[in-house]
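Visitor: All chains, please: the whole structure from these sequences, using the hints.
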Amino acid sequence: MSMLNDPSMKEIILDFCAEAEALFDQLEQSLEMAEENPSNTKELEKFGQIIDRIMGAAKSIGATEIATFCELGKVIGYKSSQIKDIPLIEVVVAILFDSLHMLRKMITALKEGNDRSMEKLNTKAFATRLNWLSAKFKDIDRASCAIDPAAGKLSQTSIDDLMQSLGL
Amino acid sequence: MPLKADIKILVVDDMSTMRKIIKNMLGQIGFTNIAEADDGATAWPMMENAIKEGAPYEFIVSDWNMPQMSGLDLLKKVRATPGLEKLPFLMITAEAEQGNVVIAVKAGVSNFIVKPFSPAVLKEKIDKIFK
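Residue numbers (our numbering), protein chains in the order written: chain A, 1 to 168; chain B, 169 to 299.
In short, the hints are calculated from the structure, not lab data.
Pairwise CB distance ranges (calculated):
hint: 1; chain 1: A; residue 1: Arg129; chain 2: B; residue 2: Lys245; range: 36 to 46 Å
hint: 2; chain 1: B; residue 1: Glu216; chain 2: A; residue 2: Lys84; range: 39 to 49 Å
hint: 3; chain 1: B; residue 1: Gln236; chain 2: A; residue 2: Arg129; range: 32 to 42 Å
hint: 4; chain 1: A; residue 1: Ile86; chain 2: B; residue 2: Glu216; range: 42 to 52 Å
From the three backbone atoms N, C-alpha and C, an ideal C-beta is built for every residue, glycine too.
Guide: Here it is, written out as structure tokens:
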């Protein structure tokens, strides 16, 4: 039985939801700062670091779809922090706002029921944007909190694989 | 020789969800003496105090990505401290990037585990560390 559907794990699931919501507020702050000053790409890196923390816990409780969206957000956050194309950064920020909105809905669904509640959420529009966005980052290698940027091995293929794992 | 149940363990993770999950798993494995810290920056003074009190932690289970002091920085501090060079240190991460694993190994990590993991996998890693 998945942890999500195990009544004895309910407390941990609710704790996760509360923690995730608190971190979503931090993510939103980072995006607001990046929106205000798109050249401040440190905020996008910070976004990647914070969403990475949510991803780990989401994976551990079996919230696979939340984890996958966090992973996409992490990759896009880290990669976009390395570009200098202001119009593209503005689009990235807008899409990350949307992804954050989607994640909030997922957490609400998780609190309300079990992982099946997620199925009601329509992620296709979001995926179309991510597809387009991922194509913009083909030449950027660093996609995570790897200490050595050259060692970051998550490639464009990884983004594509993630999307495929979402059934997109 | 089997590990004693009351081995002094410190679980370090900024997410309380993860700390609870890991503590639950360690409890399932049979460990009873588990403390927790919410960041490398809070773990390190706890470790220093434990040494001063003559009851140092015997096993560290730490997340990698934490906001103030990362698991890697905590590991480096531990390894640079006389007496802690061999302290068993299990690093947990949400991503299995080859580069990160290499860096952690170079820094002296005892083993490396990727989320999500089961109690059986955790036990396997612990058994390898203490073999």
